[in-house]
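All chains should be modelled from the sequences, with the hints used to inform the complete structure.
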Amino acid sequence: MNQKEKKYYFLGIGGIGMSALAKYLFDAGNRVMGYDKTPSPITSQLIDLGISVLHDQSPDNIPEDFCQEDTQIVYTPAVPLDHPQLNFFIKQGNKIKKRAVVLGEITKETVVFAIAGTHGKTTTASFLTHYFAYLNLEFTAFLGGIMIEYQSNLVQKGKKYSIVEADEYDRSFLQLFPDYACITAMDADHLDIYGDHKNIKKAYNQFSKLVKHKVVVAKDLDIEACCYALEDHANYRAEAIRVEGQGYRFDLVSPTQTHKNIYLRAMGRHNLSNAIGALAILDLGGFPLKKVLPALSTFKGIQRRMEVFSLENKIVIDDYAHHPKEIDAVLKTISEFYPDKTNMVVFQPHLFSRTKDFMGEFVDVLSRFDEIVLMDIYPAREQPIFGVNSDVLLEQIKHNNKRKISEEAFRSTIVNSEADLVLVIGAGDIGNHIQKLKKTA
Numbered sequence: 029m030n031q032k033e034k035k036y037y038f039l040g041i042g043g044i045g046m047s048a049l050a051k052y053l054f055d056a057g058n059r060v061m062g063y064d065k066t067p068s069p070i071t072s073q074l075i076d077l078g079i080s081v082l083h084d085q086s087p088d089n090i091p092e093d094f095c096q097e098d099t100q101i102v103y104t105p106a107v108p109l110d111h112p113q114l115n116f117f118i119k120q121g122n123k124i125k126k127r128a129v130v131l132g133e134i135t136k137e138t139v140v141f142a143i144a145g146t147h148g149k150t151t152t153a154s155f156l157t158h159y160f161a162y163l164n165l166e167f168t169a170f171l172g173g174i175m176i177e178y179q180s181n182l183v184q185k186g187k188k189y190s191i192v193e194a195d196e197y198d199r200s201f202l203q204l205f206p207d208y209a210c211i212t213a214m215d216a217d218h219l220d221i222y223g224d225h226k227n228i229k230k231a232y233n234q235f236s237k238l239v240k241h242k243v244v245v246a247k248d249l250d251i252e253a254c255c256y257a258l259e260d261h262a263n264y265r266a267e268a269i270r271v272e273g274q275g276y277r278f279d280l281v282s283p284t285q286t287h288k289n290i291y292l293r294a295m296g297r298h299n300l301s302n303a304i305g306a307l308a309i310l311d312l313g314g315f316p317l318k319k320v321l322p323a324l325s326t327f328k329g330i331q332r333r334m335e336v337f338s339l340e341n342k343i344v345i346d347d348y349a350h351h352p353k354e355i356d357a358v359l360k361t362i363s364e365f366y367p368d369k370t371n372m373v374v375f376q377p378h379l380f381s382r383t384k385d386f387m388g389e390f391v392d393v394l395s396r397f398d399e400i401v402l403m404d405i406y407p408a409r410e411q412p413i414f415g416v417n418s419d420v421l422l423e424q425i426k427h428n429n430k431r432k433i434s435e436e437a438f439r440s441t442i443v444n445s446e447a448d449l450v451l452v453i454g455a456g457d458i459g460n461h462i463q464k465l466k467k468t469a
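Take 29 as the starting number for the sequence shown in the numbering used here and just add one per residue.
Everything labelled a hint here was simulated from the structure, so no lab data went into it.
Distance windows between CB atoms, simulated:
{"hint": "1", "residue 1": "E259", "residue 2": "S72", "range": "36 to 46 Å"}
{"hint": "2", "residue 1": "E92", "residue 2": "S363", "range": "53 to 63 Å"}
{"hint": "3", "residue 1": "K126", "residue 2": "N289", "range": "42 to 52 Å"}
{"hint": "4", "residue 1": "P112", "residue 2": "G273", "range": "46 to 56 Å"}
{"hint": "5", "residue 1": "S325", "residue 2": "E436", "range": "39 to 49 Å"}
{"hint": "6", "residue 1": "Q285", "residue 2": "D76", "range": "40 to 50 Å"}
{"hint": "7", "residue 1": "Q234", "residue 2": "D356", "range": "24 to 34 Å"}
{"hint": "8", "residue 1": "Q285", "residue 2": "E340", "range": "41 to 51 Å"}
{"hint": "9", "residue 1": "Q184", "residue 2": "P69", "range": "19 to 29 Å"}
{"hint": "10", "residue 1": "P407", "residue 2": "N289", "range": "42 to 52 Å"}
{"hint": "11", "residue 1": "V129", "residue 2": "Q96", "range": "14 to 24 Å"}
Derived pair list, reagent style DSSO-like, types lysine-lysine, alpha-carbon separation capped at 27 Å:
{"hint": "12", "residue 1": "K466", "residue 2": "K328"}
{"hint": "13", "residue 1": "K123", "residue 2": "K35"}
{"hint": "14", "residue 1": "K126", "residue 2": "K34"}
{"hint": "15", "residue 1": "K360", "residue 2": "K288"}
{"hint": "16", "residue 1": "K188", "residue 2": "K35"}
{"hint": "17", "residue 1": "K187", "residue 2": "K125"}
{"hint": "18", "residue 1": "K384", "residue 2": "K230"}
{"hint": "19", "residue 1": "K136", "residue 2": "K126"}
{"hint": "20", "residue 1": "K432", "residue 2": "K342"}
{"hint": "21", "residue 1": "K328", "residue 2": "K369"}
{"hint": "22", "residue 1": "K185", "residue 2": "K136"}
{"hint": "23", "residue 1": "K136", "residue 2": "K125"}
{"hint": "24", "residue 1": "K240", "residue 2": "K126"}
{"hint": "25", "residue 1": "K65", "residue 2": "K384"}
{"hint": "26", "residue 1": "K65", "residue 2": "K119"}
{"hint": "27", "residue 1": "K126", "residue 2": "K65"}
{"hint": "28", "residue 1": "K187", "residue 2": "K318"}
{"hint": "29", "residue 1": "K466", "residue 2": "K342"}
{"hint": "30", "residue 1": "K464", "residue 2": "K65"}
{"hint": "31", "residue 1": "K432", "residue 2": "K466"}
{"hint": "32", "residue 1": "K247", "residue 2": "K319"}
{"hint": "33", "residue 1": "K229", "residue 2": "K125"}
{"hint": "34", "residue 1": "K35", "residue 2": "K65"}
{"hint": "35", "residue 1": "K430", "residue 2": "K353"}
{"hint": "36", "residue 1": "K34", "residue 2": "K123"}
{"hint": "37", "residue 1": "K188", "residue 2": "K237"}
{"hint": "38", "residue 1": "K240", "residue 2": "K185"}
{"hint": "39", "residue 1": "K328", "residue 2": "K188"}
{"hint": "40", "residue 1": "K360", "residue 2": "K384"}
Quick caveat: nothing in here was measured; it's all calculated off a predicted structure. Glycine is no exception: its CB is placed at the ideal position from the N, C-alpha and C atoms.
Structure representation (structure tokens):
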């Protein structure tokens, strides 16, 4: 795809995936600007780079030269179909493409390593990015989170290889051209799109058939491929796992060799699994597995993925978990690394549809915390669903120490908590609140 000196207007430019794409196109010499509903650290970063961001949805605010028919429009499904700017460009006849389509076009001529899965995409893709950088490969990574080492969701070190997250929402991953793929999970999610779990599995199988060379999957997924696991029979597996410091010491068994006494600097067995998945796809891609193993001890992590900091003599852990299985994984992690600490969870549910579809599962997992604090549901792209809200969720949780708070009470709730450890979780704008809190830590 020839991106030179084109004009791109992004609808939803503040999204984590959209902003990485916008930065890439801007760095390639294109003129780029866009709209997002609210200011955020991401939009501030874009503005600092020289990318204009509008927050008023009226088309009247778009500069005249970006209103021309030769402007390429890139949008995210989070933008409603009745959005004034989207409809302006539709009526004018501009080329309008979803983010996944543009990502596919940009990376098509490279060797694409795609990471798919209902959980673990960003962490696995970030591990792979770390491995590629350690091996001094020429690559670009488009990530769904901010890698702490680079303070960015876009890592550019060349254009021979691409690392992309293959998002299942709206079947976006079917727009990509993967050479190698890792599938981390196929749990039920996005049922507003898929209807049921069977259709999700069907879409993942369709995706796996797009892969030109090799696929690796977490064990027990219903796809015929090489697999990986923790302490279970698989082509790639971690054995003799033991907690050490803020991570794990383990042995890695690959199809050809056992590598002893490896150290991973990351908490959570789900993250160890992600690290193994990234090693597996690296090995299948023909890169030297043994040479990259020291890199596991230098991984600095990702913002909002088991990110730990101290505040007022308590431990605060910030995580993006927004699905019951993700919350369960985080709870197991704090039980493993902080078994003697009392805990409080502050949770902002993400999407009315997800809260409705998994109400029972949310009730079960949240009830296992010592103290439960809920915030209002973050709607993102959705309209409210009658009878689905945080008050209903709170009422169903059978627990003596539970409450709901406003955004204004977020900081004081954490600062004044008597818990030894506070876990802040959710995929909505709770991330902006926690970033402000970190600055005062």
